[in-house]
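**Q** If you want the building blocks of each chain, they are given just below.
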Amino acid sequence: MSSAPANVAAINFRQVSFRINGTHELLRELNLQVERGETLVLLGRSGSGKTTTLKLINRLLQPSDGEVRVDGRPTTDWDVIRLRRMIGYVIQDVGLFPHFTVERNIGLVPRIESWPAERTKQRVDELLLLVGLDSQIASRYPRELSGGQRQRVGVARALAADPPILLMDEPFGALDPITRAELQREFALLQERLHKTVVFVTHDMREALLLGSRIALLEAGSLVAVHTPEEFVQSKEPLVQAYMEAFQTGVQVSRRREVV
Amino acid sequence: MNFWHFMVQNRSQVVELTAEHLWLVGASTVLAVLIGVPLGILITRYPRLNKPVLGSANIIQTIPSLALFGFLLPAPWIGERADRLAILALTLYALLPMIRNTYTGITGVDHAVVEAGRGMGMTDRQLLFQVELPLALSVIIAGIRVATVISVGLATIAAAIGAGGLGEFIFRGLAMVNNQVILAGAVPAALLAILADFGFGLLEKRLQPH
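Those protein sequences? They're chains A and B, same order as listed. The first sequence begins at 1 in our numbering and counts up one residue at a time. The second sequence begins at 1 in our numbering and counts up one residue at a time.
Chain A with its partners taken away, still in its complex shape:
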């Protein structure tokens, strides 16, 4: 869908700040590049600006200063509808349309892009298979699904028109730990095949290390560091270490319990 040259970064933040009401600063002078085909994880606690960063990419928000470039073009220059349709979007509350069946939910973007009905249906079947759902589920409504199934439908819906970019805002956050681990694993496998440019928001250290090709740590609206998972584990950055410690404490405590 995109015609931009391959050497241009998929997403590029240049000196981006975002303020509400002109004063309260949610994001400060962010510089960040997302390469084609990588999974960049935005890690940070609540209120660190992760979701704001994500929404700046599909222009649900616009920068107060600086610019966000998608395929080398500032988001403000894009036709906003075109921009959003080439970016898949998955959120924690899923946001499945409660009055649509699974099939209509997944086929939403193809339908508003006026694909022929037959092709849309074929694509829905393909996607159900891809995210590991039984095709019988197609005629059900979201309320008849489990949390994990709903999240899978959410991922399938985001992938429907085969967008080159995928934005995921804590997509597995509301799931129980076992289902979450299952979906994380499957998503990692899926990404190995699809090579989408993925920006993934989470506050879960484990998830970040598992899924990220790089991890960007945000704190109070500023970017602290961008590391590969290997670098991240070894980083001397105090804040990174704080994260690692919090993460390892959990592991150690559970080990100690095992010994007792």
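Hints were generated in silico from the structure; no laboratory data involved. A portion of the hints provided could be inaccurate.
Now the stretches of chain A that chain B is said to cover, found in silico as 3 or more residues with beta-carbon under 8 Å [claimed, not checked]:
1) 206-213
2) 233-241
Label pairs and their in silico Cβ distance ranges [said to hold, decoys possible]:
3) A/Gln62 to B/Gly26: 45 to 51 Å
4) A/Leu210 to B/Gln61: 56 to 62 Å
5) A/Ile81 to B/Phe171: 55 to 61 Å
6) A/Gln15 to B/Leu49: 55 to 61 Å
7) B/His111 to A/Ser139: 23 to 29 Å
All C-beta atoms, glycine included, are put in the ideal place defined by N, C-alpha and C.
Chain A is fixed; fit chain B onto it per the hints.
**A** Quick look at chain B alone, frame taken from chain A:
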């Protein structure tokens, strides 16, 4: 002569006045939907208009019905025929529940759903017609339900300006100090209100998104 006797003896007139009554209520409700729903949508898009629009509809509600009929009398075309006048007045009264429920229904749609739709590149129009309105429908129907029940009652007063309807019996009965005649208007009117309430209640339940 008891009430049933009177009803049976005057059945053709009862039917005729009931039909007139239904015409007044039906026409005004349809008009109120056609005006109120778009206005309700408008104020979800332009929050600045929220107060003036709802405020005006509120003020109309506080005007006593007889006075409103009187105010509208000099209006051109409308004032020429009593039923037009009555329909306009009933429409104005029905506006508030229509506007308010449309607004409440749309703003009450789950934020995550709207955000997801917007994020996937739905246009404003697609969001409105495929997501917001279908999900707000049961609340909008609840508005139509309230408006209809109110206007079945209010329409009896339209007889005072000669617009017909079941109010004819009521006013005639009052003039004749005859309870049977009053009841011949009041009972069918009450039945209509109950029927409308029940019917729209069923519809409202069926259209609930969850």
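**Q** Each hint: holds or not?
**A** Right, here's what the structure says about each hint:
Closer than 8 Å: that is the beta-carbon criterion, and the segment 206-213 of chain A has 0 residues meeting it against chain B, so the requirement of 3 is violated. Only when three residues or more bring their CB closer than 8 Å to a CB of chain B does the claim for the segment 233-241 of chain A stand; here the count is 0, and the claim is violated. For A/Gln62 and B/Gly26, the Cβ-Cβ distance of about 48 Å falls inside the hinted range of 45 to 51 Å, so the restraint holds. One distance hint, 56 to 62 Å for the beta-carbon pair A/Leu210 and B/Gln61, holds here, with the actual separation near 60 Å.
Under the hint 55 to 61 Å, the C-beta atoms of A/Ile81 and B/Phe171, about 59 Å apart, fit the expected range. Separation of A/Gln15 from B/Leu49 is about 37 Å and departs from the stated range, judged on CB atoms against 55 to 61 Å. Taken as a hint, the range 23 to 29 Å holds for the pair B/His111 and A/Ser139, whose Cβ atoms sit roughly 27 Å apart.
Of the numbered hints listed earlier, those contradicted by the structure are 1, 2, 6.
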